[in-house]
Amino acid sequence: MALDEIKIGGMGASRRRVEDNRFIRGKGNYVDDIVLPAMLHMEILRSPMAHARIKSIDVSKAWEIPGVRLVLTGEMLAARNLAWMPTLSYDTQAVMAMDKVRFQGQEVAAVIADDPYIAKDACEAIRVEYEALPVIVNPMQAMAPGAALIRDDKENQTDNKVFDWEVGDRAGADKAFAEADLISKIELHYPRSHPSPIETCGSIADFDRATGKLTVYMTTQAPHIIRAAVAMVAELPEHMIRIVSPDLGGGFGNKVPVYPGYVISILASILTERPVKWIEDKTGNLISTGFGRDVYLQGELAVRKDGKMLGVRMHTISDHGAFFADAQPSKFKIGLMHSAFACYDIPVAHLTATGTYTNKAPGGVAYRCSFRVTEAMFFQERMVQAAADDLGMDQAEFRRINFVKDDDFPHRTAYGFLTDSGQYGKCLDVGLEAIDYKNFLVQKEEAKKRGRLLGIGISTMTEPLGAGNSREYDILGIKMFDSAELRVHMSGKAILRTGAKSQGQGHETTWAQIVAHELGIPADDIVVEEGDTDTAPFGMGTYASRSTPVAGAAVAMVSRKIRAKARKIAAHLLEVSEEDVEWELGRFYVRSSPDRGVTIQDCAMAAYSNMPDGMEPGLENNAYYDPPNLTWPFACYISTVEVDPETGVWDVLKVVAVDDCGVRINPMIVEGQIMGGLTEAYAMASMQFITYDVEGNCVGSNYMDYLLPTAWETPGFELHEVVTPCPHHPIGAKGIGECATVGGPASFVNAVMDALRGTGVRNIDMPLLADRVYEAIQTGKDISGAPPIKTEE
Amino acid sequence: MYPPRFNYESPKSLAEAISLLTAGGGEAKVLAGGQSLVPMLKLRFASPEMLVDINNIPGLNYVRRDADGSIHIGALCRHEDLEKSEVIAEHQPTIAAAAPLVADPIVRTRGTFVGSVCHADPQGDWSATMIALDGHIVAQGPNGKRNIPARDFVTGPFQNALAFDEIAIEAVIPAPKGDVHGGYLKLERRVGDFATAAVAVALETSGGKVIRAGIALTGVGGRTINANVAADSLVGSALTIESITRAGELAAAAAEPRSDHRGSASYKRHIVSTFLTRILNNISESTVKAA
Chain A
28 MALDEIKIGG
38 MGASRRRVED
48 NRFIRGKGNY
58 VDDIVLPAML
68 HMEILRSPMA
78 HARIKSIDVS
88 KAWEIPGVRL
98 VLTGEMLAAR
108 NLAWMPTLSY
118 DTQAVMAMDK
128 VRFQGQEVAA
138 VIADDPYIAK
148 DACEAIRVEY
158 EALPVIVNPM
168 QAMAPGAALI
178 RDDKENQTDN
188 KVFDWEVGDR
198 AGADKAFAEA
208 DLISKIELHY
218 PRSHPSPIET
228 CGSIADFDRA
238 TGKLTVYMTT
248 QAPHIIRAAV
258 AMVAELPEHM
268 IRIVSPDLGG
278 GFGNKVPVYP
288 GYVISILASI
298 LTERPVKWIE
308 DKTGNLISTG
318 FGRDVYLQGE
328 LAVRKDGKML
338 GVRMHTISDH
348 GAFFADAQPS
358 KFKIGLMHSA
368 FACYDIPVAH
378 LTATGTYTNK
388 APGGVAYRCS
398 FRVTEAMFFQ
408 ERMVQAAADD
418 LGMDQAEFRR
428 INFVKDDDFP
438 HRTAYGFLTD
448 SGQYGKCLDV
458 GLEAIDYKNF
468 LVQKEEAKKR
478 GRLLGIGIST
488 MTEPLGAGNS
498 REYDILGIKM
508 FDSAELRVHM
518 SGKAILRTGA
528 KSQGQGHETT
538 WAQIVAHELG
548 IPADDIVVEE
558 GDTDTAPFGM
568 GTYASRSTPV
578 AGAAVAMVSR
588 KIRAKARKIA
598 AHLLEVSEED
608 VEWELGRFYV
618 RSSPDRGVTI
628 QDCAMAAYSN
638 MPDGMEPGLE
648 NNAYYDPPNL
658 TWPFACYIST
668 VEVDPETGVW
678 DVLKVVAVDD
688 CGVRINPMIV
698 EGQIMGGLTE
708 AYAMASMQFI
718 TYDVEGNCVG
728 SNYMDYLLPT
738 AWETPGFELH
748 EVVTPCPHHP
758 IGAKGIGECA
768 TVGGPASFVN
778 AVMDALRGTG
788 VRNIDMPLLA
798 DRVYEAIQTG
808 KDISGAPPIK
818 TEE
Chain B
7 MYPPRFNYES
17 PKSLAEAISL
27 LTAGGGEAKV
37 LAGGQSLVPM
47 LKLRFASPEM
57 LVDINNIPGL
67 NYVRRDADGS
77 IHIGALCRHE
87 DLEKSEVIAE
97 HQPTIAAAAP
107 LVADPIVRTR
117 GTFVGSVCHA
127 DPQGDWSATM
137 IALDGHIVAQ
147 GPNGKRNIPA
157 RDFVTGPFQN
167 ALAFDEIAIE
177 AVIPAPKGDV
187 HGGYLKLERR
197 VGDFATAAVA
207 VALETSGGKV
217 IRAGIALTGV
227 GGRTINANVA
237 ADSLVGSALT
247 IESITRAGEL
257 AAAAAEPRSD
267 HRGSASYKRH
277 IVSTFLTRIL
287 NNISESTVKA
297 A
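Here the protein sequences line up with chains A and B, keeping their order.
Just add 27 to the spot in the first sequence (first one is 1) and you have the numbering used here.
Just add 6 to the spot in the second sequence (first one is 1) and you have the numbering used here.
No wet-lab data here; the hints were simulated from the structure.
A quick note: this is a predicted structure, and the numbers were derived from the prediction, not measured.
The C-beta atom is built at its ideal place from N, Cα and C for all residues, glycine as well.
Any given hint might turn out to be false.
Selected chain B positions facing chain A (in silico; Cβ < 10 Å) [unchecked claim]:
#1 54
#2 110
#3 200
Excised from the complex, chain A in its bound form (with noise of 0.2 Å):
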């Protein structure tokens, strides 16, 4: 008889995460866990100023202290070549600065010693004279006539433009908007943000000279792509460097870039011959690391008297800062911008997009989002709430006649994306009656009477997860695939390795259970292992919600050649011909005979001990698995919210989350993830920014000044589902990770513009903090760009 798959943790069995054992127990292993014989520490000393030029930089006073082992300039580096390192996005950045410091928390000096206290010690003994530069704090001011030149390392350079982009179809889009009833515009500001996990960068570089092998624990989510990367900047070779990415305290997109940090503790590492290590602190982390966003968004929606959408343009102007290194793999300059409107059935669209440099944190991640989706998405929700508003259609409506319909797939979108499956309709119904849509007028009318003012936003939205396929995505020229390695031992327990790196997805978990379903081996017989270069099967690596939709489909075909091999190792054992023989979960049978089979397990072990004639021994093999396509899950964010008029205070009143990621593997860690995504979708449209002062001082470089939100503030949510399976996916997954991150921000802010419809606001731009709420209310109008720090009154 088969197995009950939920009963051994297979596909749709809410399985308790394997590795919280370790984590509940704080016997979690980070890299600032792992201490190594004779180890050094490391400090960084980062730059005060914005944009400065380094007139001098004293160090005497460092290595008077005892217990200094190397104090590090640019000049240093630059005599090992090493001062300047490719980003990403085929720019360079400084490792250390030597001519001038480009924005606040620039490395410029680094002390290794033996312990962290003389290194933080020592950093403060450096002495470094800078000369004040203009300083640049957003687009506008880079793109001024006269602005000074930021990136003047750069032959050819000779204003702060980073790039000009465009896509789509210009003259369409011009002949749509000309024959349209009405056109709705809006200009928005997507705030700068920053992933923030618990546990910052960090990295331990152990050059042994006697191997001449390089080791680095490092907190990476793409391990092996820092193994190429680092084998291209050091000019190591590929095999004598190991990467291992240890337990991660979340990532977010955060620990995907290079960056100089690893990049000295790796130099200082090969020039002590000892162990550095190097743990970033919380504002180091905050001041210059990876963010997200900075991107000012203008549009415009050409739709008909009957509300049909006839096309759209967008123009979007990002803040890179100061180094062009965004961690994007696309060929598109402004990473998937252009899958906005991707739901919505318009016939035309264009998009032109212009990249700045500024005196900011360079790096621009896919914080929770797949490279850009989160800006899209927000700009198209917000854009088609002021559609819908300036039609006087109804909110959800205007959405249901435009979506792409069930029968429509696949579906090419007027950017060119290849949409594939969805059942958009149903998802808006299902959160709609869940929200009681119908009675929210009602509520809304006992709500004035107390002088409170209600909201309803609706976000609906698909998104591309799960780079590649090889043909558009790679970095630094490596194709977008990846892969798994399957081990069956002969007692039918196994090990299974990808190249994927989890960050708290759960990985070890999910990835049991694909094994289980299709072999019928218990997950709890399976040990996943990921992060060990030495050890893991090449892979791209976990960002943009790819893990599942491709490492996870590596799993699963890795698991069915396995099953092939123990297919012919069974009609073996059952002394018949391979076509007699039928697989249940679990289970050989002979097809005349069901009661005649044999288990996995004994397949397992006859492969070690009773093969047939010409088979190669072992049970094991690997799978790489390049995708045909991205996946695209849909999502129906729906909030309520209440606003205060007299503070501009808001509270959330429910959330509704209606999200389809095709099947569900473990469907307790997906609700994980959707609510983790709703939580920081929260956390932007409510309270978290990083904005930077005339000065250039990053205001956001700590846990008092960069809010996330606690238990306390966060709302509760509320959960559905609809399934539809992706029609390429080997089990029908797609991407989940980013969907409410992605998603979520339009359902808050529409709901709160909701709530002020009939003041005149139009538009709060993010965060909508309480101040900002009642000036709008009080002034009848929109509150735009970062929050500013204003002057003193």
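Position chain B against the provided structure of chain A, taking the given hints into account.
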């Protein structure tokens, strides 16, 4: 965290602690809950030569109400102790209202009331309640004890009236002469954030009239603001819509806020008057109900 080097002492008695402070000659800091001091050490904003940890001194962890009605809070009484205290819940509405709003639940388990007052952060909640309640701090030094009124205790941002060899061992809320009313409202962007603005109110009424009033403001100036003009305007008559509105205007005028990333100065003033009005309206409604 990697603070600058310091010596750590853990005395077992107040006398020992005071002699350590005396020997420290102004370079020693008292460590109670550490919820402000330790972050300052971490950021290297503070670099004392010595920390005198008073947590092992017996007899400092209490909140009690004496027979005369005065309330006494020992130097090691944690915020959470006040939040959970039946004495406070029953007899001291201003402190009861503020206790659940101090910092966040984690900080409240460790941080102390007296330590917070001593820290003299203009954003500290307890200084405002102490001023509104007209409380005093009992300081003990080599020459014995002295009382310092809360309104004189804070001398500037992060500066208090203690001598370097004195320890604040107790906060005292004087016995009321009438029925006790009070409230505390705080606007913060997130739990644990410093106040955008907060208002502490302590009233005593007798025969429907206000016989004593204290109002203090948090986060809207370089120090805790004693809005005594607003408070005095309420004394001598019953709370009315007019008197409440007037007090709100006077309190807003007393505030000295700066525009910053928590909001504009005018917004903060508006919050002060709105919150004061809300607290007084609540008191007014409850006293009407009681009557």
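Each hint, compared with the structure:
1. With 10 Å as the threshold, the beta carbon of residue 54 of chain B stays out of range of chain A, its nearest partner Cβ sitting at about 16 Å, so the hint is violated.
2. Because the beta carbon of residue 110 of chain B sits about 7 Å from the nearest beta carbon in chain A, less than 10 Å, this interface hint is met.
3. Checking residue 200 of chain B against chain A: minimum C-beta separation of about 7 Å stays under 10 Å; hint holds.
Of the numbered hints listed earlier, the single one contradicted by the structure is hint 1.
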